[in-house]
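Peer 1: Read off the chains here:
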Amino acid sequence: MRTRRLFPLLVALALAASACGSPGGGSAASSSGGGDRLTWAIETEPITFNPHLWGQNKARLLVFNQFDALVARNANGEFVPWLAKSWEVSEDGRVYTFELRDDVTFHDGEKFDANAVKANFDKLVEPGYNPAVASIQLARFKSAEVAGPYTIKITLKEPDGLFLDFLASPLGGQVSPKSLKEAKDLKAGGPDVVGTGPFILDRYVQGQEVHYRRNPDYNWAPQGAAHQGPAHLSEITYRFLPEAAVRVGALTSGQVDVIEGVPATEVRLIEKDPGLTLQTALNSGTAFSYYFNVSRPPFDDKRVREAFREAVDLDAVLRSVYQGTATRAWSIIGQASPFYDPSLERTYGGDIAKANRLLDEAGWTGRDAEGYRTKDGRRLTVRTVASAPFVRDRRDILAQAIQAQVKQNAGIDFQVKIVDQGTAQQAAEENEYEIFENSRGDSDAGAALNLILPKNAPINRTRFTDPEIDKWLAEASATSDQARRKELYTKVQRAVVSEHAIVFPIYVPADQIAARSGVHGLGFDPGSGTPKSAYEVRIGT
Amino acid sequence: MSATSAGGSAATGGTPVAAGRTPPARPAPPLPETSGRPSARTAGRGLLRAMARRIGSGIVVIWAAATTAYLALLAAPGDTVDILIGDGPDTPEIRAGIIREWGLDRPEIVQYLSYLGRLLQGDLGRSYQLQRGVGDILAEQIGPSARLAVAAAATAIVLAVLIALVTAGRGPWARRAVSGVELLAVSVPTFVIGIVLLSVFSFSLGWFPVSGDEGWKSLVLPALTLALPAAGVLGQVLREGLEKALEQPFATTARARGLTERALVARHALRHAMLPGATLVGWFVAQLLTQAIITEAVFGRPGVGRVVLQAVTGGDMPVVMAVVILSAVVFVTVSTVLDLLYRVIDPRLRSS
Numbered sequence: 001m002r003t004r005r006l007f008p009l010l011v012a013l014a015l016a017a018s019a020c021g022s023p024g025g026g027s028a029a030s031s032s033g034g035g036d037r038l039t040w041a042i043e044t045e046p047i048t049f050n051p052h053l054w055g056q057n058k059a060r061l062l063v064f065n066q067f068d069a070l071v072a073r074n075a076n077g078e079f080v081p082w083l084a085k086s087w088e089v090s091e092d093g094r095v096y097t098f099e100l101r102d103d104v105t106f107h108d109g110e111k112f113d114a115n116a117v118k119a120n121f122d123k124l125v126e127p128g129y130n131p132a133v134a135s136i137q138l139a140r141f142k143s144a145e146v147a148g149p150y151t152i153k154i155t156l157k158e159p160d161g162l163f164l165d166f167l168a169s170p171l172g173g174q175v176s177p178k179s180l181k182e183a184k185d186l187k188a189g190g191p192d193v194v195g196t197g198p199f200i201l202d203r204y205v206q207g208q209e210v211h212y213r214r215n216p217d218y219n220w221a222p223q224g225a226a227h228q229g230p231a232h233l234s235e236i237t238y239r240f241l242p243e244a245a246v247r248v249g250a251l252t253s254g255q256v257d258v259i260e261g262v263p264a265t266e267v268r269l270i271e272k273d274p275g276l277t278l279q280t281a282l283n284s285g286t287a288f289s290y291y292f293n294v295s296r297p298p299f300d301d302k303r304v305r306e307a308f309r310e311a312v313d314l315d316a317v318l319r320s321v322y323q324g325t326a327t328r329a330w331s332i333i334g335q336a337s338p339f340y341d342p343s344l345e346r347t348y349g350g351d352i353a354k355a356n357r358l359l360d361e362a363g364w365t366g367r368d369a370e371g372y373r374t375k376d377g378r379r380l381t382v383r384t385v386a387s388a389p390f391v392r393d394r395r396d397i398l399a400q401a402i403q404a405q406v407k408q409n410a411g412i413d414f415q416v417k418i419v420d421q422g423t424a425q426q427a428a429e430e431n432e433y434e435i436f437e438n439s440r441g442d443s444d445a446g447a448a449l450n451l452i453l454p455k456n457a458p459i460n461r462t463r464f465t466d467p468e469i470d471k472w473l474a475e476a477s478a479t480s481d482q483a484r485r486k487e488l489y490t491k492v493q494r495a496v497v498s499e500h501a502i503v504f505p506i507y508v509p510a511d512q513i514a515a516r517s518g519v520h521g522l523g524f525d526p527g528s529g530t531p532k533s534a535y536e537v538r539i540g541t
Numbered sequence: 542m543s544a545t546s547a548g549g550s551a552a553t554g555g556t557p558v559a560a561g562r563t564p565p566a567r568p569a570p571p572l573p574e575t576s577g578r579p580s581a582r583t584a585g586r587g588l589l590r591a592m593a594r595r596i597g598s599g600i601v602v603i604w605a606a607a608t609t610a611y612l613a614l615l616a617a618p619g620d621t622v623d624i625l626i627g628d629g630p631d632t633p634e635i636r637a638g639i640i641r642e643w644g645l646d647r648p649e650i651v652q653y654l655s656y657l658g659r660l661l662q663g664d665l666g667r668s669y670q671l672q673r674g675v676g677d678i679l680a681e682q683i684g685p686s687a688r689l690a691v692a693a694a695a696t697a698i699v700l701a702v703l704i705a706l707v708t709a710g711r712g713p714w715a716r717r718a719v720s721g722v723e724l725l726a727v728s729v730p731t732f733v734i735g736i737v738l739l740s741v742f743s744f745s746l747g748w749f750p751v752s753g754d755e756g757w758k759s760l761v762l763p764a765l766t767l768a769l770p771a772a773g774v775l776g777q778v779l780r781e782g783l784e785k786a787l788e789q790p791f792a793t794t795a796r797a798r799g800l801t802e803r804a805l806v807a808r809h810a811l812r813h814a815m816l817p818g819a820t821l822v823g824w825f826v827a828q829l830l831t832q833a834i835i836t837e838a839v840f841g842r843p844g845v846g847r848v849v850l851q852a853v854t855g856g857d858m859p860v861v862m863a864v865v866i867l868s869a870v871v872f873v874t875v876s877t878v879l880d881l882l883y884r885v886i887d888p889r890l891r892s893s
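First to last, the protein sequences are chains L and Y.
Heads up: the first sequence begins at 1 in this note's numbering, then just goes up one per residue.
Heads up: the second sequence begins at 542 in this note's numbering, then just goes up one per residue.
Quick caveat, the hints were computed from the structure, so don't treat them as lab data.
Predicted model only: the values in this text are computed from it and were never measured.
Take the hints with a grain of salt, since some may be wrong.
What the hints assert, rightly or not - Derived pair list, reagent style DSBU-like, types lysine-lysine, alpha-carbon separation capped at 35 Å: (1) K272/L to K302/L; (2) K272/L to K375/L; (3) K272/L to K758/Y; (4) K758/Y to K58/L; (5) K758/Y to K184/L; (6) K375/L to K142/L; (7) K85/L to K184/L.
To be verified - Counterexamples of contact, computed for chain Y against chain L with all Cβ distances above 12 Å: (8) L614; (9) V699; (10) S745; (11) T793; (12) R812; (13) R842.
We treat Cβ as the ideally placed atom computed from N, Cα and C, and that holds for glycine.
All chains should be modelled from the sequences, with the hints used to inform the complete structure.
Peer 2: Here it is as structure tokens:
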């Protein structure tokens, strides 16, 4: 290990010595890791590099290396100019007019202009391209019109408070119209699906790594970026290392400069190492929660839903599973969101006596040979059916800990089923589950609530509906007045967490970045709380 | 026809182990002589016929594998649309879009026949998840996997032969020690072997890089990870075979003629021990295919294993089916080669 670290240093010294005559030779050897090249080990290999089809929160950090969007979010969550210099919204909230920058070029040499933006919108709503975006985020989209070489007019069918959020998301990344037409594997993305971003994707080895080089012409960073002009790094390689222990080992042995996704068990080790830094941020969107299926027994009874929450000493569970690195959730919306309602904190949970009283009241008074509660000869059994590919963050262990608690504290038989995607989908369709576990990383928590809570919402797995909640959500979606939206979302949170108890918020998902201490400019995207692109990253002292 | 036939006979005739060519100077024939040995020409024809039969049955096996995979897809819980939706939003419009895009509204038998038809044209279909041609994906990934498999196989065979040669016929103490190590190598999960090798040789000593497929250095640890358990099993089998062979009458004869024990083992007994060893190669190939999935993920290597892991967990059936077919092809090839190898190792089989 020592010799390994010593060798590049000797090479660097030798190079520095040989370059002594020329000025600037010294600065080239300022870092031991190879100048302005960086290697970053990441956990998740993206399914696609096409921003329009992006769907993995964990792959967000790659998108904005290669692509820019029309608008960005600043650290306060406000929208700021990016490829659009300015925009106007009509009185009725239906027409957005964007003035675009006129100095932007795609990596393939194509000019970025109003025609390019129109091509992107037209592609996004093309049948079969991305049905999810066409029917959700762009459900209210009507048309895009070129109003001038650098002026684009977007008309919506009805007002949409989430439209700018969509434009600022990876899905709003602007793709060269030429690649939209000619790319061989458009949906997979890669070197031939290009954007205007600070880095150019020039090599992708599936299963191994993706490599970017600096875009030397880049001069259109979003307002509020730490610097302007081209990126500091000349090259960046992201290696796909799905095993956490391997990522950490690669970092501590100096084989990579940065890693993301640090498991709870390794946090101490990294914090103790003076040569390394660690940063953590809570994700935006919804908290990881158990949603109760209210359409069938036993969770059709609110008392049983509350009893389940009271039967769990969640702080103890999180401590043992995540060794103190997890943040307990109190609401369906996570603490990182501006819409979070802190008044829900410590209003429920962990009262074992109350749990048992509620279950007695609900008629679950019998006990069977194994100590589980029964009613009319039926055991108090609830099931969660989770799809294995989406189980992460040790959520299987977490479920086992909760299982032990509800059994011991309240005699509830909680069955944890981790199955393949098809079986999970089938269970959902056939209503054969009592608990649905989910978290969403949407940068605007409202977008997630729209998917989960309204009647007939795409992932309304609680099967709970309340016209009043639907009304609040609809109003919040239609307005871009953030204060009003916060008011409405506060009502929604209180209704689903306190009044109806259809959700058991558990923890707020977080992201971590660990790096060797010479790496600067790493951080998290203010919109999502996930690691941001490499544009501001530099190596130095 | 005659040209191939001549070629076949030349190959057979040229094989140095053909019993008839055994130099008289050798003290003992490697295996008992058989009567009624066929001539080189008829042996060549027999070989061709055997190969034709092999290829025919191979095609049937591959078709059966493709069909079984297809039926498994139909029988699997949840339909293709569910799998394509994953944990994303699910609305009637999204479903309709997916059904249109992938032609899922046609009757199953039509979908199956068009699938077979495309297979015959060498079209393996398009990945649901990666949205690319399956053929393209596999073509990219098969190189790194093949390099890993060949390196692992070579390492395992060399290790196993060395272990067997060194330990066969030694005292009980040495045997027990080596058996213990072999047992350890066989029973520890591949994942753990990989992490341990990485911790020691990559993270601590810094001799080898953790990830990728760049040059021989990045091949050493993954190949060793795959080779160790296989070498454990192969070594045991070879040693047992060796020890049995050394008790045979021909060994006694050879010793009586003054052959050293070392020469006896290397020149004669090893050949006897190789038959059961060769039988294990089939198992070994299966082992490589399954363990490569874990090894490739641990080491951050590209390869078919990584692709299939992602495909299975994501329900990406076109990729899964293509890998099933690919595995069938590999097995058919391996068992054909093994068959030929048996004939080379054991001349008795050539008469049948």
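Peer 1: Does each hint hold? Answer for all of them.
Peer 2: Now for the hints, and whether the structure bears them out:
| no. | hint | in the structure |
| --- | --- | --- |
| 1 | K272/L to K302/L | 46 Å, violated |
| 2 | K272/L to K375/L | 53 Å, violated |
| 3 | K272/L to K758/Y | 31 Å, holds |
| 4 | K758/Y to K58/L | 30 Å, holds |
| 5 | K758/Y to K184/L | 34 Å, holds |
| 6 | K375/L to K142/L | 54 Å, violated |
| 7 | K85/L to K184/L | 32 Å, holds |
| 8 | L614 | 10 Å, violated |
| 9 | V699 | 27 Å, holds |
| 10 | S745 | 5 Å, violated |
| 11 | T793 | 54 Å, holds |
| 12 | R812 | 40 Å, holds |
| 13 | R842 | 6 Å, violated |
Consistency note: the structure conflicts with the earlier hints numbered 1, 2, 6, 8, 10 and 13.
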